[in-house]
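**Student:** Given next are the chains, with one letter for each unit.
Protein chains: 2
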Amino acid sequence: MRDLMALTAQPQVISLAGGLPDMTVFPPEVMAKVTAQIAAEASARALQYGPTEGLDDVREAIAQVMAAEGMTAIEPDDILVTTGGQQVIDLVCRTLVDPGDVVIAEAPTYPGAVPCFGSFEADVVQIAMDADGMRVDELEETLDRLEREGRRPKFVYTIPTFHNPAGVTMSLPRRRRLVEVARERELLVLEDNPYGLLRFEGEPLPTLYSLDGGEFVIYLGTFSKILSAGIRVGWAVAPGPVFQKLNIGKQAADLCSSSLSQLFVATYFRSGLWAEQLERFKEVYRRRRDVMLGALEEFLGPHAEWTRPQGGLFLWATLPDYIDTTDLLARALESDVAFVPGRAAYLDGRGGSSMRLNFSGVAEDDIREGVRRIGRVVREQVELYGTLTGSAAAPAERDRPDPAPQESMADVVPLPRRAGGDRARGTR
Amino acid sequence: MRDLMALTAQPQVISLAGGLPDMTVFPPEVMAKVTAQIAAEASARALQYGPTEGLDDVREAIAQVMAAEGMTAIEPDDILVTTGGQQVIDLVCRTLVDPGDVVIAEAPTYPGAVPCFGSFEADVVQIAMDADGMRVDELEETLDRLEREGRRPKFVYTIPTFHNPAGVTMSLPRRRRLVEVARERELLVLEDNPYGLLRFEGEPLPTLYSLDGGEFVIYLGTFSKILSAGIRVGWAVAPGPVFQKLNIGKQAADLCSSSLSQLFVATYFRSGLWAEQLERFKEVYRRRRDVMLGALEEFLGPHAEWTRPQGGLFLWATLPDYIDTTDLLARALESDVAFVPGRAAYLDGRGGSSMRLNFSGVAEDDIREGVRRIGRVVREQVELYGTLTGSAAAPAERDRPDPAPQESMADVVPLPRRAGGDRARGTR
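These protein sequences, in sequence, are chains L and B. When the count follows the numbering used here, it moves up by one through the first sequence with no breaks and lands on 435 for the last residue. When the count follows the numbering used here, it moves up by one through the second sequence with no breaks and lands on 435 for the last residue.
There may be inaccurate statements among the hints.
As the list claims (entries may be wrong) - A short list of chain B residues far from chain L (calculated; beta carbon distances all over 12 Å):
(1) GLY26
(2) ALA46
(3) VAL95
(4) SER178
(5) ASP334
To be verified - If you only want the chain B side, here are some residues facing chain L, beta carbon under 8 Å, derived:
(6) THR31
(7) MET38
(8) THR42
(9) TYR56
(10) GLY57
(11) PRO122
(12) PRO213
(13) GLY237
(14) ILE238
(15) PHE250
(16) LYS252
(17) GLY256
(18) ALA260
(19) SER264
(20) THR394
(21) LEU395
Rather than coming from a laboratory, the hints here were simulated on the basis of the structure. Glycine included, each C-beta is placed from N, C-alpha and C at the ideal position.
So here's chain L without its partners, still in its complex pose (with noise of 0.2 Å):
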């Protein structure tokens, strides 16, 4: 990934790779207006050390935004802020797992949680997706296996909501299931939860930690894609025992968050603006995901089949079985334009044949471009499969997704078999 970023960062190459917000959106007079009213009201606070659990007033905005996703008993002092969301599955991952613990996740999971899985040498057992998100019912048999083998997982790990990178959402009786799951099995659920407020379409749905409660909800925030990512302001909410581990493991990470970051948040959320430029990214977002889906059905449409986000900022798309995404990489790049090969979202070597694709970060016409490149080098590993082989080019087993997006849960289209199929097991 970290190589990638580098090639990517080339002014020619059009990016579908990243994971970027677009802070053009986000305009420079209000930055200049709420930076100055720092410097003229608490220049020497945002230039001081702060309490580790971070200052009062960004635990005040914090507790703002989980009430905006319908988590109303939140108190500011149950918030811990963390140098950006990463910081918090860096943590956990800190304070719960010794080498060769089971850490549950889904598959894909987030490729950035990869390298905090390895740090800290958790076995990753990954569970399957489809259209609903998470495969409960898979989770439930896994947890038996492990049981039968002695092994309690430590936490299970999940973006019920525009999962990054399958795009799917968890449905809702899903989530009831798995936190009765998390309850029953006494069981750590880690919610990562960066893009709920980025919905296009369809209706919200509760965290599982407001369905749980917080008693084995550890739930993760971030401002990177609501506010700022350049900022890096993340948060916890954990139930109390843990809490005190992630704020002793924080104090030895970084002593603090930046101090200047948490009173620009802070700030900014006096002035009221944050809906209205919430809305903004939604909107930019909501057109650019239109027209990724357009290119896509124009230019892969019978050589892919792809997710269909009601949010956030990715989605996930697989190519027949005999194209490897890793090698198709080393060509896209030949002709300027990235992903994120699917096998960053496994540890288990999977996904080959599947790709992330960002529509946030990167303007309309790039995004249709983009696709357009990616199309090309697809067309021709398909040709050439195609001549060596005998065979059709496009493949006949799979369903074409529907062209037009959709409005309802049920209609997302499913993840490709590979992701969604047999059992998912970790490696170490």
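Given the coordinates of chain L, work out where chain B should sit on it, guided by the hints.
**Tutor:** What follows is chain B alone, placed relative to chain L:
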């Protein structure tokens, strides 16, 4: 330490326990100017993710700072920007230490490093210090012993200049010998240098990094004490293979450091004001150190000895053996004054009669009053001991420190016996 910091946050408490720079010394109008420039010229960039290794312009500012400490051959590409200096210690542990591995540290060592070492289950062996810093002869004996036991330390952690908490500075011969030892034994050294530029008197000494040329020395720098602690920007310079590992670890830990903070540094450094600001900090801290030394003489004179730092933020005071500073702190807090008990700087329970006192973050009057209060509770303990034992109140076996601040390294007051005496041996 965390609980202590919470107690000392109460406004009536004079806290000599912190490690805070005084950010009121930084002009708010400069803060306003710098942030206005960022908003006008680089708003979207400040709010966007940056590369894991840091923004190029802040790496150039860092190269300037290192040049000011005599390290002129640093390329911006050699620099890894981190979320404060703390993150460097954490990443080095994370990258190099497996449970049970030996790490060498000074006795006493930086209290904030202790939870990092603990978090990665390092077996910390602490090497005694005296007025010339770490006893490198004792280090060599310890390395010999460990070699006989078949154990190879992962690295040596040292703060050679204005040590936190000891307040002493490693002499040039010791520096040269330490670097020789590292090279002879192919041993990594982590040089933690947050305070080097805060020299009030005496001639600057070369860093270990410059003596070594960066082959075995990992360098840790930070803007926390020369610009702002609240922006959380530090850095590491490390030999190539270590650099790559640290960078990968950093990506897992928090993806990248705040772009807003990094642009704050870069923009500020382009203004050319930093050298002048550094003088301002030094002037304020030098006066505060002098007030603290005077107050110690006045209020603790016969009952304690203390180091006489030529720069930095801290000094280290040691009371008679029969006074336990952890117990004393409870009494001190009743008198609304706080310090860091010496045990926080050891992993093996030593340091029980010592305390760390900070002079950078407290106004002159408060320093004097704080030391007066500490003096009062100490006298009570001394008198109680005298009553109970019938012995003389003053610890006759100890040399009294020279009352006048000294200019030369040779005159630095020796560390108390208990810190500089017997073989340091860490516990896991």
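**Student:** Hint by hint, say whether it matches the structure.
**Tutor:** Consistency of the hints with the structure:
1. GLY26: violated (8 Å)
2. ALA46: Check fails; 4 Å does not lie beyond 12 Å.
3. VAL95: For B/VAL95, whose nearest Cβ neighbour in chain L is about 10 Å away, the distance does not exceed 12 Å, so it is violated.
4. SER178: holds (30 Å)
5. ASP334: Since the minimum Cβ distance to chain L is about 24 Å, B/ASP334 lies beyond 12 Å and the statement holds.
6. THR31: With a minimum Cβ separation of about 5 Å from chain L (threshold 8 Å), the hint on B/THR31 holds.
7. MET38: holds (4 Å)
8. THR42: holds (4 Å)
9. TYR56: With a minimum Cβ separation of about 5 Å from chain L (threshold 8 Å), the hint on B/TYR56 holds.
10. GLY57: Nearest chain L Cβ about 7 Å off; hint holds.
11. PRO122: The hint holds - B/PRO122 has a Cβ within 8 Å of chain L, the shortest such distance being about 4 Å.
12. PRO213: violated (28 Å)
13. GLY237: holds (3 Å)
14. ILE238: Constraint on B/ILE238 satisfied, holds at 5 Å.
15. PHE250: With a minimum Cβ separation of about 13 Å from chain L (threshold 8 Å), the hint on B/PHE250 is violated.
16. LYS252: violated (11 Å)
17. GLY256: holds (7 Å)
18. ALA260: It holds, given that the least Cβ distance between B/ALA260 and chain L is near 5 Å, below 8 Å.
19. SER264: holds (7 Å)
20. THR394: Since chain L brings no Cβ nearer than about 41 Å to B/THR394, farther than 8 Å, the hint is violated.
21. LEU395: violated (38 Å)
Hint violations for this structure: numbers 1, 2, 3, 12, 15, 16, 20 and 21, all remaining hints satisfied.
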